[in-house]
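Protein chains: 2
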Amino acid sequence: MGRGKIAIKRIDNTMNRQVTFSKRRGGLMKKARELAILCDADVGLIVFSCTGRLYDFSSSRLVIIIVDPLL
Amino acid sequence: MGRGKIAIKRIDNTMNRQVTFSKRRGGLMKKARELAILCDADVGLIVFSCTGRLYDFSSSRLVIIIVDPLL
DNA sequence: CGAGCTATTTATAACTG
DNA sequence: TCAGTTATAAATAGCTC
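Taken in sequence, the protein lines are chains A and B.
The first sequence runs 1 to 71 under the UniProt record's numbering.
The second sequence runs 1 to 71 under the UniProt record's numbering.
Just so you know, not all the hints are guaranteed correct.
[Said to hold, decoys possible] No more than 20 Å apart at the CA atoms, straight line, and that leaves these computed lysine to any residue pairs for SDA-like:
#1 A:23 to A:12
#2 A:23 to A:34
#3 B:23 to A:37
#4 B:30 to A:4
#5 B:30 to B:20
#6 B:30 to A:2
#7 A:31 to B:37
#8 B:9 to A:29
#9 A:9 to B:40
#10 A:9 to B:11
#11 A:31 to B:22
#12 B:30 to A:60
#13 A:23 to A:42
#14 B:31 to A:25
#15 A:23 to B:1
#16 B:23 to A:1
#17 A:9 to B:5
#18 A:23 to A:40
#19 B:30 to A:57
#20 B:9 to B:22
#21 A:30 to B:58
#22 B:31 to A:12
#23 B:23 to B:60
#24 B:31 to B:56
#25 B:30 to A:58
#26 A:23 to A:10
#27 B:9 to A:37
#28 B:31 to B:2
#29 B:31 to B:14
Don't read these hints as lab results, they were simulated from the structure.
These numbers were taken from a predicted model, which means no experiment stands behind them.
Kindly produce the complete structure, drawing on both the sequences and the hints.
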């Protein structure tokens with residue numbers, strides 16, 4: 001989606017990769033939440049950026065336990 | 001997206017909810033995989049349908065361990 | 001029903017200040 | 001860099017068979 005079509009492969013340019021990561025991470029989280037609400041499903045989502053930062057979403061009946069993100 | 005706009009709240013009609021679940025689950029899995037590839041991130045996604053069926057995606061460096069889906 | 005079809009909405013790639 | 005804009009690609013709600 002967007003002004004150009006992109007192939008699904010690693011984005012080489014670091015800046016573009018960071019920007020895409022931020023935007024798509026937000027979109028994915030939003031859609032995870034919507035699926036949980038619309039369909040009464042339990043959804044758990046964990047995302048680690050390549051720099052090791054953690055982002056997550058979990059619906060109310062689900063718990064995500066991260067034991068060691070770096071292993 | 002689609003022919004009509006929908007509010008983000010539980011879909012009451014069972015059949016519609018099942019159809020939406022199937023479609024959106026597929027979309028969410030696809031986007032999780034794309035984020036992992038495009039941005040070199042680790043992504044883990046778990047979805048339980050309201051009937052308890054499990055669907056998941058995890059990128060190569062991540063392992064999802066389900067201890068007990070029903071608890 | 002389940003699989004496929006589009007009219008629309010939504011997400012987002014590239015652009016801009 | 002960074003938040004905001006916009007043109008376009010992609011997802012999908014309701015429909016069709």
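Verification of the hints:
Proposed proximity of residue 23 (chain A) and residue 12 (chain A) is supported: the alpha carbons are some 17 Å apart, at most 20 Å. Pair hint residue 23 (chain A) plus residue 34 (chain A) holds up; C-alpha atoms about 17 Å apart against a cutoff of 20 Å. For the hint linking residue 23 (chain B) to residue 37 (chain A), the alpha-carbon distance of about 14 Å falls within 20 Å, and the restraint holds. For the proposed pair residue 30 (chain B) and residue 4 (chain A), the alpha carbon gap of about 19 Å is at most 20 Å, so the pair holds.
Only pairs whose Cα atoms come within 20 Å are accepted, and residue 30 (chain B) paired with residue 20 (chain B) is accepted, the gap being roughly 15 Å. Taking the CA atoms of residue 30 (chain B) and residue 2 (chain A), the gap is about 17 Å. The hint holds against a cut of 20 Å. Restraint check: the Cα-Cα separation between residue 31 (chain A) and residue 37 (chain B) comes to about 18 Å, which is no more than 20 Å; the hinted pair holds. With a CA separation close to 16 Å, the supplied pair residue 9 (chain B) and residue 29 (chain A) stays within the 20 Å bound.
Of the supplied pair hints, the one linking residue 9 (chain A) and residue 40 (chain B) holds, its CA atoms being roughly 9 Å apart against a limit of 20 Å. Using a Cα cut-off of 20 Å, the hinted pair residue 9 (chain A) and residue 11 (chain B) is violated, with the two alpha carbons roughly 35 Å apart. The suggested pairing of residue 31 (chain A) with residue 22 (chain B) holds, with an alpha-carbon distance near 13 Å, which does not exceed 20 Å. In summary, the hint linking residue 30 (chain B) to residue 60 (chain A) is not supported, as the alpha carbons are separated by about 23 Å, beyond the 20 Å threshold.
For a cut-off of 20 Å, the pair hint linking residue 23 (chain A) to residue 42 (chain A) is broken: about 23 Å separates their Cα positions. As the CA atoms of residue 31 (chain B) and residue 25 (chain A) are separated by approximately 9 Å, the hinted pair is consistent with the 20 Å bound. In summary, the hint linking residue 23 (chain A) to residue 1 (chain B) is supported, as the alpha carbons are separated by about 18 Å, within the 20 Å threshold. Of the pairs offered as hints, the one joining residue 23 (chain B) and residue 1 (chain A) holds, with about 18 Å between alpha carbons and a cut-off of 20 Å not exceeded.
Under the criterion of a C-alpha separation no larger than 20 Å, the hint pairing residue 9 (chain A) with residue 5 (chain B) is inconsistent with the structure, at around 32 Å. Restraint check for residue 23 (chain A) and residue 40 (chain A): not satisfied, since their Cα atoms lie roughly 26 Å apart, outside the 20 Å limit. Of the pairs offered as hints, the one joining residue 30 (chain B) and residue 57 (chain A) holds, with about 17 Å between alpha carbons and a cut-off of 20 Å not exceeded. A C-alpha spacing of about 17 Å is found between residue 9 (chain B) and residue 22 (chain B), which places the hinted pair at or below 20 Å, so the restraint holds.
For the hint pairing residue 30 (chain A) with residue 58 (chain B), the CA-to-CA distance comes to about 18 Å; that is within 20 Å, so the pair holds. Annotation: proposed proximity of residue 31 (chain B) to residue 12 (chain A) holds, straight-line Cα distance about 19 Å (limit 20 Å). Only pairs whose Cα atoms come within 20 Å are accepted, and residue 23 (chain B) paired with residue 60 (chain B) is rejected, the gap being roughly 24 Å. Between the alpha carbons of residue 31 (chain B) and residue 56 (chain B) the distance comes to roughly 13 Å, so the proposed pair stays at or under 20 Å and holds.
Annotation: proposed proximity of residue 30 (chain B) to residue 58 (chain A) holds, straight-line Cα distance about 18 Å (limit 20 Å). A threshold of 20 Å between alpha carbons decides the hint, and for residue 23 (chain A) with residue 10 (chain A) the separation of about 15 Å falls inside it, so the pair holds. A threshold of 20 Å between alpha carbons decides the hint, and for residue 9 (chain B) with residue 37 (chain A) the separation of about 6 Å falls inside it, so the pair holds. Annotation: proposed proximity of residue 31 (chain B) to residue 2 (chain B) holds, straight-line Cα distance about 18 Å (limit 20 Å).
Proposed proximity of residue 31 (chain B) and residue 14 (chain B) is contradicted: the alpha carbons are some 25 Å apart, above 20 Å.
In this structure, the earlier hints numbered 10, 12, 13, 17, 18, 23, 29 are contradicted, and the remaining ones agree with it.
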